[in-house]
Amino acid sequence: MKNISDLSLLSSLKLIEGIVVLSDISSLNELLMNRRLFYCQKPLLLSEFVWQLRERLAKNPGSKILVVDEIVDETYDLTLSKFTNLPIHTNDSTGAEKYSSLLKLKQIDCRNYYRPVLDRIKEWREKNPEASGLEEEQLVGKILQNLVIKHFHFSRMECLRKKRPFSVRYDWKLGDKTITLWYPMEMGPKLFKEWLEERKIESKLDDSELKAQLQGEIDRSLFVERRVDLDINIVDSGHRTDPDNGIDSSAINPNLANVVVAEKANNIENLRPSIQSLGKELLGQLIYRIFDDLANGVFEDNKIANDFGISKATFSRFAGSRWQGRLEQDEDMAIPDLWKNTAKVIATDPEFVEAASEAGVMKSITKVLSIAKDI
Amino acid sequence: MSTKESKNLYFLRLIHKAYESDNRLSSFEKAFDEIKSKAADPKYQVAYRNFRRFIETVESTLTQNTDLMNSLKYSRFEELMIDILSDNFVGSNEEKQEILDYFHKDPEFDRLQKDISETTTASEVLSIEVIKDGRLLGTQPCAAVFRPLTISNVTPGEHIVQLSNGRRLWSRELGEKHVIWKSAFPEKEFPAAAKTEPTKSLTTFSESFLNGELSLDVFPGIESGIIKISRTKLNKK
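Read top to bottom, the protein sequences are chains L and C. Throughout the first sequence, residue numbering follows my numbering, covering 1 to 375 in sequence. Throughout the second sequence, residue numbering follows my numbering, covering 376 to 612 in sequence.
There may be inaccurate statements among the hints.
[What the hints assert, rightly or not] Capping the alpha-carbon separation at 20 Å, the derived lysine-lysine pairs in PhoX-like fashion look like this:
#	chain 1	residue 1	chain 2	residue 2
1	L	K363	C	K411
2	C	K413	C	K392
3	C	K392	L	K340
4	C	K489	L	K59
By construction, these hints were calculated from the structure, which means they are not laboratory data.
When you get a sec, could you build the whole thing from the sequences and use the hints?
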């Protein structure tokens, strides 16, 4: 560990090496507190530069998409954490385990975000062995600035995806332009198109403003207010109602179960008659019960079937846990309805698909994602 | 303890849990690692077969549903577009063109292009700064052709030479013996040439730094001295 005066003399590249290779918190502090490697009208610290990006985002018409402060602040916080969260190595195993569990919660390691600087400089140095230290110092700043810009925009995308989980893209043709909008997957394209056609379009807006206005309305009307039109006993199903405003809090941040319930309830007429006869309310309760029992490790086909008064065979076809032996049958029968539906919902999540592709468990999709893997 | 039926579907619990974490990508990756690690465990054979079937259903959903596949492609290409605009793209020119063509008529592309280009092209050439007691005495950009930086009226005190990005290059307390002629050379007359060209005086201190790329000389004067910083070698590490 170096003292402050030594660190102030180190090149920015050496500090980044200290962070990535040695996990040296002092190097990180020196970089964050004293190095103005970023430039936006004047030299800036990393936090000042990310703040400038935040200010620009807040002024952007696209920021009207959701509650401005929320998305803008979350983007700012996420970007900063990408460049400031450093795992601490300690010889004290208890401490290491404790920190490791904290890190698991944060799951962000700044070393991964600084590492590309080392790779880029190594590549540049091989091509420019005679280049000066001043040139290197200048280039480190430029590379880091570009990486921070990239991750700021990635963070914004991540935040938006969290606000609009399980969404599907819709290309709306407007003259020679295409406006891309995102709507909840359980709504389906036909319903969404009808909803869109009922909107008032302000012709004086430019494409970007129009997109922002429309997406803002979609977010407010269809995502934030995303809820199932069911009168479910939400206390029994583990989903709480805020007594102050009567809003089902799970409807604001829908999880996988919520969206599956919505999709099933919206398309109840397509279900097998024995399940259809439960009605929307009981069907919703059944699905929440299934997800809750799975989460708690107490899922039992027969018990749930009995509790909801449906036959074992009906439950097995709807949400059974034994799928083997079904493969040889009709393709449509190979997986129970609810799980097929869950697969359909999860297929809209780019992070799930990317992770599955990276893990090698979903090879046919890999081609779409494999183009130019970024650093 | 989990029921047998829960075990058969335990992968759904992992996926659901990962979905709700703060960093979903990393959580999904961990979930898949855990699922794969149990593939050979006889206790999880039914579960692993179910998992394979579930993933096949996700795949067939995507391949059969153009809207979903296009949504996925758009999300991936949007990331790549950001890579291109922020100069972080590492693919081929053909791939780059494919992505640019894809966003050709999308207003989001125009917005992002404007926004990113304004922040990436803002970088300025580094400068060398001389500071005394927190006060900037002089600055000089480190351009390819580096003109020497000369600071006059130097009086005793701690002086710091640093880059405009905050990296310190040199610091030292300069005393009267460095900056005042009479203290530095009491036996010698002040050179006549130094009256019009101060750097023609004798140096009281010389040092190179930054791996010998820069050098600093201190020249004493009658009432105050001069600091001169020069580049000693160009394009050498």
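Here is how each hint holds up against the structure:
{"no.": "1", "hint": "L:K363 x C:K411", "in the structure": "15 Å, holds"}
{"no.": "2", "hint": "C:K413 x C:K392", "in the structure": "18 Å, holds"}
{"no.": "3", "hint": "C:K392 x L:K340", "in the structure": "19 Å, holds"}
{"no.": "4", "hint": "C:K489 x L:K59", "in the structure": "13 Å, holds"}
In summary, the structure agrees with every hint in the numbered list given earlier.
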